[in-house]
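2 protein chains.
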Amino acid sequence: MAGDVFDSMVTLATELQTLICGSLEGVEPDAVFESTHWERGGGGGGHTRVLQGGSVFEKAGVNTSVVYGAVPPGLATELPGDGETFRATGISLVLHPRSPMVPTTHANYRRIERGEHGWFGGGADLTPHYLFEEDARHFHRVHAEVCAAHPGVADYPSWKQACDDYFYLPHRREHRGVGGIFFDHVEGGDDVLAFVAGAGHAFLDAYLPIVRRRMATGYGDRERTHQLVRRGRYVEFNLVYDRGTTFGLRSGGNVESILMSLPDPVRWVHEHEPEPDSWEARTIAALREPRDWLGSTPA
Amino acid sequence: MAGDVFDSMVTLATELQTLICGSLEGVEPDAVFESTHWERGGGGGGHTRVLQGGSVFEKAGVNTSVVYGAVPPGLATELPGDGETFRATGISLVLHPRSPMVPTTHANYRRIERGEHGWFGGGADLTPHYLFEEDARHFHRVHAEVCAAHPGVADYPSWKQACDDYFYLPHRREHRGVGGIFFDHVEGGDDVLAFVAGAGHAFLDAYLPIVRRRMATGYGDRERTHQLVRRGRYVEFNLVYDRGTTFGLRSGGNVESILMSLPDPVRWVHEHEPEPDSWEARTIAALREPRDWLGSTPA
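Just so you know, the protein sequences line up as chains A and B, in that order.
If you use the working numbering, the first sequence corresponds to residues 27 to 325, in order.
If you use the working numbering, the second sequence corresponds to residues 27 to 325, in order.
I should point out that these hints are in silico values taken from the structure, not numbers from a laboratory.
Note that beta-carbon positions come from the ideal geometry of N, C-alpha and C, so glycine has one too.
Check the hints yourself; a few may be wrong.
Covered by chain A, according to a simulated footprint, are these stretches of chain B (three or more residues, beta-carbon under 8 Å) [stated by the list, open to error]:
| no. | segment |
| --- | --- |
| 1 | 77–88 |
| 2 | 191–203 |
| 3 | 255–266 |
| 4 | 295–303 |
So the derived label-pair ranges between C-beta atoms look like this [to be verified]:
| no. | chain 1 | residue 1 | chain 2 | residue 2 | range |
| --- | --- | --- | --- | --- | --- |
| 5 | B | Arg276 | A | Glu60 | 28 to 38 Å |
| 6 | B | Leu320 | A | Glu104 | 24 to 34 Å |
| 7 | A | Arg199 | B | Tyr94 | 17 to 27 Å |
| 8 | B | Tyr94 | A | Arg250 | 35 to 45 Å |
| 9 | A | Glu41 | B | Gly69 | 52 to 62 Å |
| 10 | A | Glu315 | B | Gly69 | 48 to 58 Å |
| 11 | A | Trp305 | B | Gln187 | 47 to 57 Å |
Same shape as in the complex, but just chain A (with noise of 0.2 Å):
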């Protein structure tokens, strides 16, 4: 049956490609996604969308992939399981909002078999840039929700915890956001391609709202060079600890598509501090000791 969870998976990833841009095209008047296809030498591809220049967005990119073969040597021992071929199948997507009013947002859900041996992977997490207490409980209870709905297979405290734990800059020491949910390896067939599929339509729930009430909050100078040195921490992250990005960079992976999670335009300004007790603090405050975001205190 692992075939058919595969298959199940390559469908649903193409499905919340479609939907997922569909709906961010709907909110942002401005600019569309482009599509570009690439093919991977030992076998599969990818299908890349892209939005650049928006109103709303100014970089969007939503991934699918699917790829087979060999095991790769640099994954040979960083994949469980024992046989020599692999496959995965997945859908990744970085939103960068042009507002620094509107959180930057991540998530990733995929199925990787080798052998006989079959797991899932993902989540998604939030990175404002001025941190809305609101947005923040309520990404994490939509989430939070789909986990509640899928027992025996998720685990949102947990997973919340791994993806405070993953998503962290030790020479920051700050976590690039206000988390999420994170998990890896996780063992299954329909019962867990059923939480994937729960969680992957929630993200619009969890998401667009927030982008809705957000974008057409004012902002200026001051909030715009913050919003793009904030930017350089999340290529920081990235690029130094992210293991799919240094991963996929290393063992000759589609550089075009790996890095359109990166932001544009970035900034990297020496020695820059945010006034004390400043929102702009009080945002980084934040994203140095994770909170309980799914408490009752009030915005």
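Based on these hints, arrange chain B on the given structure of chain A.
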């Protein structure tokens, strides 16, 4: 005598920092270097000088440091020798001009000692965004001459090759720039110090004439965009591959001092490809295949 050589290198690094910052300020009408001092928990510290927002230099950093103490756990296998204490001193600079016509450059000269064992490392390299072959030849010629003046210590041909090998981005199949010289683990005392002093002073002869003859060259949005995208490659190299940067970030180095090397601003435009046979394309082609820059081919 190792102690004397180390102390002399401390003095040299400080002298070079003062000389280089002063000379750069001599061609920069609109900004000056600001200084910060940092202290290292385990012993020592550094002096970071950064100029930002100038009309000639958009971001320029010239750092010196003297650090010492117990060999950090992560360095135990990385540093030759077997002593339990180490000390290191040096100067490191990265200059990002505002004009796309003026090349980015980097130089670094350092001495490290572990127990009774001491060695030098360093080099200088040039990263043009629009290649003027005359500039690449000049930069290499000056460095070849200072190497030739120190026979038995310096070896331009192999150090030029080492530079091409080190500053390489496998995922882009490009070298970071047109090279220069790169050496490491060069043992010795006053003889090597004399070469390092010569090379450190020669940096200004290698680079400043290029700045002076290109800084008034006109450019437009196309050239600026190309420059900002190429700066993205610089960030990719430094964060993904550069040993000093990645080791420094992972081992608790001074973050602001380490990342002064990153340009500002930077862009990642998806699928940004230069037009065939354009100046941009010819420059990138020169980064794909390292050349002999000492040949007498006219510009």
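Each hint, compared with the structure:
no.: 1; hint: 77–88; verdict: holds (count 3)
no.: 2; hint: 191–203; verdict: holds (count 3)
no.: 3; hint: 255–266; verdict: holds (count 5)
no.: 4; hint: 295–303; verdict: holds (count 3)
no.: 5; hint: B/Arg276 x A/Glu60: 28 to 38 Å; verdict: 37 Å, holds
no.: 6; hint: B/Leu320 x A/Glu104: 24 to 34 Å; verdict: 44 Å, violated
no.: 7; hint: A/Arg199 x B/Tyr94: 17 to 27 Å; verdict: 25 Å, holds
no.: 8; hint: B/Tyr94 x A/Arg250: 35 to 45 Å; verdict: 42 Å, holds
no.: 9; hint: A/Glu41 x B/Gly69: 52 to 62 Å; verdict: 58 Å, holds
no.: 10; hint: A/Glu315 x B/Gly69: 48 to 58 Å; verdict: 30 Å, violated
no.: 11; hint: A/Trp305 x B/Gln187: 47 to 57 Å; verdict: 52 Å, holds
In the structure shown, a violation is registered for the earlier hints numbered 6 and 10, in ascending order.
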